[in-house]
Amino acid sequence: MSQTVLESGDTADTVVSSGKYLTAYRYMLRARLLDDKFAALYRAGKIHGGVFLGRGQEALSVAIGLALKKTDVFAPLIRDAAGRLAFGETVADAARTYLGSSLGPMRGRDGNVHRGRPRDGLLPMISHLGAMISVVNGILFARRLKGISGTVGAVALGEGATSTGAFHEALNQAAVEKLPLVLVVANNQFAYSTPNDRQFACADLADKAAGYGVESHSVDGTDLTACLQTLEAAVARARAGHGPQLVVAQLLRLCGHGEHDDAGYITPQLKNSALGRDCLKLAEDFLVGKKWADTAQLAVWRSETIREIDDAVAPVQREPAPDPFTEEWQALSTKHLNEIRPDDFEI
Amino acid sequence: MSQTVLESGDTADTVVSSGKYLTAYRYMLRARLLDDKFAALYRAGKIHGGVFLGRGQEALSVAIGLALKKTDVFAPLIRDAAGRLAFGETVADAARTYLGSSLGPMRGRDGNVHRGRPRDGLLPMISHLGAMISVVNGILFARRLKGISGTVGAVALGEGATSTGAFHEALNQAAVEKLPLVLVVANNQFAYSTPNDRQFACADLADKAAGYGVESHSVDGTDLTACLQTLEAAVARARAGHGPQLVVAQLLRLCGHGEHDDAGYITPQLKNSALGRDCLKLAEDFLVGKKWADTAQLAVWRSETIREIDDAVAPVQREPAPDPFTEEWQALSTKHLNEIRPDDFEI
Amino acid sequence: MSITYLDAIREAQAHALRDDPRVFIYGQDVAAFGGAFKATKNLAVEFPGRVIDAPISEDAIIGMAVGAAIEGLRPIIEMQFADFSTVGFNQIVNQAATLFWRTNVPCPITVRLPFGGTSGGGPFHSQSIEAIYAHYPGLVVLTPATVEDAYSMLIEAVAIDDPVIFCEHKFLYRHLKAEKLPSEALPIGKARIAREGRDLTIVAYSAMVHDALEAATELATEGWQVEVVDLRSIKPLDTDTIIASVARTGRLLCVGEAFPWGGVTAEVIARVSSEGFGLLDVPPQRLNAKDTPIPYHPNLWLAHRPTPQTVAAAARNLLRQ
Amino acid sequence: MSITYLDAIREAQAHALRDDPRVFIYGQDVAAFGGAFKATKNLAVEFPGRVIDAPISEDAIIGMAVGAAIEGLRPIIEMQFADFSTVGFNQIVNQAATLFWRTNVPCPITVRLPFGGTSGGGPFHSQSIEAIYAHYPGLVVLTPATVEDAYSMLIEAVAIDDPVIFCEHKFLYRHLKAEKLPSEALPIGKARIAREGRDLTIVAYSAMVHDALEAATELATEGWQVEVVDLRSIKPLDTDTIIASVARTGRLLCVGEAFPWGGVTAEVIARVSSEGFGLLDVPPQRLNAKDTPIPYHPNLWLAHRPTPQTVAAAARNLLRQ
Ligand SMILES: Cc1ncc(C[n+]2csc(CCOP(=O)(O)OP(=O)(O)O)c2C)c(N)n1
Ligand SMILES: Cc1ncc(C[n+]2csc(CCOP(=O)(O)OP(=O)(O)O)c2C)c(N)n1
Ligand SMILES: [Mg+2]
Ligand SMILES: [Mg+2]
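Residue numbers (this note's numbering), protein chains in the order written: chain A, 1 to 347; chain B, 1 to 347; chain C, 1 to 321; chain D, 1 to 321.
Any given hint could be a false lead.
[Claimed, not checked] When the alpha-carbon atoms are kept at most 27 Å apart in a straight line, the in silico BS3-like pairs for lysine-lysine are as follows:
| no. | chain 1 | residue 1 | chain 2 | residue 2 |
| --- | --- | --- | --- | --- |
| 1 | B | K46 | B | K146 |
| 2 | D | K41 | D | K177 |
| 3 | B | K46 | B | K20 |
| 4 | C | K177 | C | K190 |
| 5 | D | K38 | A | K271 |
| 6 | A | K335 | A | K69 |
| 7 | B | K20 | B | K335 |
| 8 | C | K41 | B | K271 |
| 9 | C | K38 | B | K271 |
| 10 | C | K41 | C | K177 |
| 11 | B | K37 | B | K281 |
| 12 | C | K41 | A | K146 |
| 13 | B | K178 | B | K70 |
| 14 | B | K290 | B | K20 |
| 15 | B | K335 | D | K190 |
| 16 | A | K291 | A | K178 |
| 17 | D | K177 | B | K146 |
| 18 | A | K335 | C | K177 |
| 19 | A | K291 | A | K20 |
| 20 | D | K41 | D | K190 |
| 21 | A | K281 | A | K291 |
| 22 | A | K335 | A | K37 |
| 23 | B | K69 | B | K20 |
| 24 | A | K146 | A | K178 |
| 25 | A | K335 | A | K20 |
| 26 | B | K46 | C | K38 |
| 27 | B | K37 | B | K271 |
| 28 | A | K46 | D | K38 |
| 29 | D | K41 | A | K271 |
| 30 | D | K177 | D | K38 |
Since the hints were derived computationally from the structure, they do not count as laboratory data.
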């Protein structure tokens, strides 16, 4: 199988239009500020359980969301606020899930990053890493059986998740079925605290592609232009019938695994390396350098976005919590097959 | 990672001595005739459950067994009668397990190909494909922790088993730990009835090696010389500290998946192709060509071996079956932690 | 004409494929080969493109089914042996079983598990692991004991909007025969009185129903009238029918082929003890397999699981109290 | 000085590493980072080379432990959450649990499962799945409820020659404190009378022991003397101690945090009903979590599982009969 390796470079900006770049930047900014908002709510004790952010990974994530059509399928992971927004998730859906609102898509039943709307092509992850890939395969497979063509399914993954059996079985399955799957691995150098040298031994995760018979793409995950181009290319290849595409991005997460984690295991050297550059900051520099925006404009966008987010989150905080007494405690959709045991009545 | 690709060729015979070749041939012959014996017992209704043979795979299998030292570890699979014998398994152990003798290593508790002696480095497979690899990793890892060096662990696998999550997790684990693992994949073109194009999409399974950061070796599994050389090289690389070695052999199984299966799904073309050549027959031709044996000698060896096997199996057939009344029905080695429930007493 | 339990399973799938274009079959060797047990024989020819061979990837097989279900299809998955479903366990109990509850999107998949003991199967081709699935919320777990139920329950399983674990007993595949396929059936969730009696209730499911019936026949020659309840579905469990039977007999024996800790027999006894305590004239009893892996040798295998003889012996113990 | 349940688990591992050169720890983030819950904090420094980070490969993690055990070592495996052990399920129930029975070679591995509900954990970080392990032959399944037991039972678990599933409750990690570590302990397999009483027996395990004790305290103000049995080990299950308690009280409530179908409460009720039927003055009862995935929002979460209030209410129901 051929490998399509795109690299970020000086000529990149000739391909991505200012409009597209700006759109991407605005989603990145919104994702970053939404993450900040959740971090603040977490510190204020307003969120039960963990908060997981995508700081430093917005360029890659937004590129996934923007490369997809609304009729495509997207299975984001814990660091994909940007890709979710770009794919169409609302700030309210995110906030409702973190806050457990009964009006959210998960109705307080599931929380934080475990959110989505399967019928709209946005899959709500289960926690078990790697488990969503074969589910996306199934959707793509079903569309083909139904005679629907042109759908692409994108799945986001951390490099740690490539060690799971689920990853392997699903990527192989997609390759055998030649499904239009785009598997995007954000190699942020750590899985929780575990560095890459304790996770895998290959020189580059993109080296895995040949072993599955799929095409691969490597990209600098801090470079928005490169990410936009690479994801666009990968999605286009998948859509054109070239089978699964493995995209591997190099970057660093600029936060803890969750907000409870100070990421003390990330060395200053690494933080100060090229990997540790902040993609949002780089994008802003690029915008200014290109004169597509000046710093005043950036400041306006930022404060506008903060207001937008505050406006979207504030009413969610007043929304009703789920009520255990009116809750339907039924795991099956077929009502009469649910067991109602004596214990279940209020005692 | 570098790839070491050995190919069978005209110069091969310069390396393998006649003594070694003859030893290998005699094990192959014994394995073939032992398989024939089990097939006959199966047809005679003397064996409960399935019978799984290694016809056509003896050259590869014997090469594994011969490349290992007695202090090494070997996890054979269902088609490894030859490798087992070469590694030191007795005909009696094989017969006792197939016949469920209470004197065998599995004492009638497990049967057919599920046999071994873990303390002697011969692991008894569980049925779940791919599951033995990480167990071998554990033994190698433990030896290193204990300060024992020089051990190699070999695991046999079919190409179908490369689709399991267990294969992936374990090979990656071995690579991360740089363990002296030799993973030998017999690509016999089918997993039960499933052809390769429904099992994987890579050009060659050896292409998987780079994605794990391990070395690989490809070999013609019908060519005994090539198999002996390749396995020797792979085991030597592992023993010398070069980490896991992936060996991929091309061949065809010359029998059904089990003796209940007529393998109607294997086309005549494939049977008549180079892959379908019988490694035992090729080895005999080679011996005769080299004048290391003549056809009379081959006939003597064959009848001698048949007698040997009959002599070893006949007494096993008279051995006591396990007795449910004296059987210790205890799954735990810590006696007092086994639950003895009222049901367990004879009623 | 005579139809086996295995034929019934094949016919039910043919029926589902014929009736509903959303149905497809996915599993190892199910296509041209017709499956390890021939339960999908010829279906690939009859329904081209809808009976599909899978790689040896149980996790991905179930995940793929869930995705197809999200997309509105109704996959039937064949596991080659129930024992191998442990490798796809996570996708079953955490992906398929939680989908509806989490997202309100139903997950109509049917996972066929050829299960249960046959002589010579050994520890990894004999297991009865229905309990690990019934334990998790979000799954329907079926255990048909007859040719008729194998047929009608599989058709209903595919039609249900929820994930169904369909446990089909390998021993029954060829041993059980019927004259014709049924046109009517009890709905899923209802147990069946397989034999009426007034002295003792034996609750059983799958192959053990036949061992219970055989025991009942033997006990009849001794003057006892034993009622046999065939659970059919172990989740949901038809507590009402069980309790109504115990109300008639006052005595309860629950028989299962699975490992003894937890499981169906524990659940049945616990429910009857809690909800029908006053109906019991003597302590309820269980009979399970032994608490070891399942042995290969037929001598051990026969001693490991309940048999008509041990069921009858346990029943006699209860009847004499 | 005050020692938490989590400290006790760390100390027990330090003790095992110190005492026995065959012990090592393997799991995700257990080395320099000290584990997701800090249960192995500083152990990698104290015991260089013996506390090892694993890739995200639960199947291979367990397989590796089994291999090391064959070679005579005594691995302690940390699963990051019990919920993720479903991915390593096959190696636990089919590889580790069958090794001794098949080969006569023991398999001394300890698998630590941080389990049980905490508010905000949601469906995949809250599960209590002890029953799926107890169901299979060949495993010891432990559920310590106190700081003392967390310490002594973990030390004993590592010393046992069989695979142990060590269920440590995440809610207890930091909530439970003791003055000092114990020097003596009940052996594994023995239940403990956590509180004496003569009116009702509540059988519980792990975190639910504390809910039961709280309920007992509340009921004491109403004049009831409730006995609380802490199972400690759910397999083996100390039926004798439970039955002896029921012999004193005549009433039985069994409480568990797990899903309701099957599991510990079913097994306990089934055993007492079969073996101690005559001792029961009123029908035995169970209280479990609800039969849905475990909810994220604290309101739902609290309603999903038993609480001291619902335990007390269920107890009152029994006491008033
Ligand atoms: C099967 C499984 N094992 C363990 C975990 C616990 N866990 C959650 S996130 C994580 C690290 C993931 O690392 P990576 O895939 O690199 O993604 P990142 O967090 O770096 O984005 C782990 C181990 C899990 N979710 N699933
Ligand atoms: C996890 C798992 N799934 C399914 C099976 C059933 N099964 C046994 S052998 C086999 C085919 C194996 O094919 P391959 O690995 O190519 O080995 P070969 O038989 O060709 O030597 C299958 C599917 C199994 N043993 N384990
Ligand atoms: Mg990472
Ligand atoms: Mg094969």
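Checked hints:
{"no.": "1", "hint": "K46(B) to K146(B)", "in the structure": "45 Å, violated"}
{"no.": "2", "hint": "K41(D) to K177(D)", "in the structure": "18 Å, holds"}
{"no.": "3", "hint": "K46(B) to K20(B)", "in the structure": "36 Å, violated"}
{"no.": "4", "hint": "K177(C) to K190(C)", "in the structure": "22 Å, holds"}
{"no.": "5", "hint": "K38(D) to K271(A)", "in the structure": "24 Å, holds"}
{"no.": "6", "hint": "K335(A) to K69(A)", "in the structure": "35 Å, violated"}
{"no.": "7", "hint": "K20(B) to K335(B)", "in the structure": "47 Å, violated"}
{"no.": "8", "hint": "K41(C) to K271(B)", "in the structure": "25 Å, holds"}
{"no.": "9", "hint": "K38(C) to K271(B)", "in the structure": "24 Å, holds"}
{"no.": "10", "hint": "K41(C) to K177(C)", "in the structure": "18 Å, holds"}
{"no.": "11", "hint": "K37(B) to K281(B)", "in the structure": "18 Å, holds"}
{"no.": "12", "hint": "K41(C) to K146(A)", "in the structure": "24 Å, holds"}
{"no.": "13", "hint": "K178(B) to K70(B)", "in the structure": "22 Å, holds"}
{"no.": "14", "hint": "K290(B) to K20(B)", "in the structure": "14 Å, holds"}
{"no.": "15", "hint": "K335(B) to K190(D)", "in the structure": "15 Å, holds"}
{"no.": "16", "hint": "K291(A) to K178(A)", "in the structure": "43 Å, violated"}
{"no.": "17", "hint": "K177(D) to K146(B)", "in the structure": "37 Å, violated"}
{"no.": "18", "hint": "K335(A) to K177(C)", "in the structure": "34 Å, violated"}
{"no.": "19", "hint": "K291(A) to K20(A)", "in the structure": "15 Å, holds"}
{"no.": "20", "hint": "K41(D) to K190(D)", "in the structure": "30 Å, violated"}
{"no.": "21", "hint": "K281(A) to K291(A)", "in the structure": "15 Å, holds"}
{"no.": "22", "hint": "K335(A) to K37(A)", "in the structure": "39 Å, violated"}
{"no.": "23", "hint": "K69(B) to K20(B)", "in the structure": "14 Å, holds"}
{"no.": "24", "hint": "K146(A) to K178(A)", "in the structure": "16 Å, holds"}
{"no.": "25", "hint": "K335(A) to K20(A)", "in the structure": "47 Å, violated"}
{"no.": "26", "hint": "K46(B) to K38(C)", "in the structure": "24 Å, holds"}
{"no.": "27", "hint": "K37(B) to K271(B)", "in the structure": "23 Å, holds"}
{"no.": "28", "hint": "K46(A) to K38(D)", "in the structure": "24 Å, holds"}
{"no.": "29", "hint": "K41(D) to K271(A)", "in the structure": "25 Å, holds"}
{"no.": "30", "hint": "K177(D) to K38(D)", "in the structure": "16 Å, holds"}
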